[in-house]
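Chain by chain, the residues run as shown.
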Amino acid sequence: MKDPVGGNQRRARFQSLCQSLRPDLLRFAFWLARDRALAEDVVQETMLRAWKAQDSLLDESAAKPWFLTIIRREYARSFERKRFVTVDVEELIAKEEPMLAAADDQELVELRAAMFKLPGEYREPLVMQVLMGLSTAEIAAELGLSNAAVLTRLFRARKQLRVMCGEDTSLDPEE
Amino acid sequence: MMDCGHYRRAMLAEPSNDDAELRRHLATCPECTRYAEQLRRFEGRLDRALRVEMNPPLLEHRVVTPLRAARPRGARPWDPPHRRWLAAAASVLLGTAIAVSLWLAAPGRSLAADVVQHMAEEPNAWARTEIPVPEPRLDQVLIDSHVRFRLSAGLVSYANSCLFRGHRVPHLVVQTDSGPVTVMVLTHEALRSAMRFNEQGYRGVIIPVRGHGSLAVLERGPDTDIKTVEAVAARVQSALDWTS
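Residue numbers (the working numbering), protein chains in the order written: chain A, 1 to 175; chain B, 1 to 244.
These are calculated hints, taken from the structure and not from any lab test. It is possible that some hints are incorrect.
Here are the computed lysine to aspartate or glutamate pairs in the DMTMM-like style, where the Cα-Cα straight-line distance is at most 20 Å [what the hints assert, rightly or not]: (1) A:K159 to B:E14; (2) A:K159 to B:E130; (3) A:K159 to B:E53; (4) A:K159 to B:E31; (5) A:K159 to A:E97.
Chain A extracted, bound-state conformation (with noise of 0.2 Å):
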């Protein structure tokens, strides 16, 4: 028999975890696709799949890369939808301009079009470190990539992000 009580329990749970993520899986989404309306359009399509799937959910603590996996999914499932073919940058930086201008800071909006610029092979494993706070072991597993591989990425991802934004690069190791 059913037990309706923990049922409901592990519910609200589910919903109180699900709020708490929502703000940094949009940004993630965002970061992902470039663009707010899709970003949002995906996360709304995985907190469904998410709450359809929860039962699969089986440690709290692990809730992140699962989500994040939903929403890779759902990312790659938009692209065969709309059949997305050419991706202009300066294009998607003029629309998204409220956004990545919404910072007070000069050096942040610069820094946020430089993250447009940044090819997505690099720019979806530093959303990963910084934004979501994911260990290099955890990318890897969410990539399918080895350790070294993402630890190139990362090392890339920062090298170029540094030169466009003009911060001083003369310590900057060579790969």
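Since the structure of chain A is provided, determine the placement of chain B on it from the hints.
Same frame as chain A, now just chain B:
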């Protein structure tokens, strides 16, 4: 023995890397110390740059989008029509239940509600840790509010300058015996008397600070005791030195 190239490559890939060998190299190399400081500043900016303001979508968007998405995209050949109808109806009910419960759970637009809403946007701040925020970083966050925090009052594990009701406000997390406690220094929010709140799993107080707005102090979790929060609030308040 580690060389500078190895150290810098490791740090550029993973600035939070706390490997003992890296620390040993840092302790003996002034150039890498300068590099680590450059990277620390860059990393702080990167963290803030990634935290774009994402306002939660409107209720309608919460409802309509999931419902659209919940409709079966193609009829399954083995599904009889009444099962498809039931599945669609169940999806509608599920979507509505989620949206309505989220809506009902949302507090009104009181100051306490806005503080709680802000907490949900920064879940990473609540980690239980013994790693303090570097003192210069803490001073930088507090400087615009003309206040300093005496470190003897507790370990500050998180410090950020957050956009709150149109102003930049210091958001700190202080580690206490009962767990992490969040403090928001609300110099723009004057209050006549202290208020307690208990919303969405957060329990806290907002206390008036004469001439300096107010101070929100809150803990999360079902076992939180408001008396403990009030005691922490008093301790935090006495640890603030106003510079203007």
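We went through each hint and held it up to the structure:
Using a Cα cut-off of 20 Å, the hinted pair K159 (chain A) and E14 (chain B) holds, with the two alpha carbons roughly 12 Å apart. At most 20 Å may separate the alpha-carbon atoms for a hinted pair to count; K159 (chain A) and E130 (chain B) exceed this at roughly 30 Å. Distance restraint check for K159 (chain A) and E53 (chain B): the Cα-Cα separation of roughly 26 Å exceeds the 20 Å cut-off, and the hinted pair is therefore not satisfied. In summary, the hint linking K159 (chain A) to E31 (chain B) is supported, as the alpha carbons are separated by about 18 Å, within the 20 Å threshold.
A C-alpha spacing of about 24 Å is found between K159 (chain A) and E97 (chain A), which places the hinted pair above 20 Å, so the restraint is violated.
When the structure is compared with the earlier hints, violations turn up for hints 2, 3, 5 and for no others.
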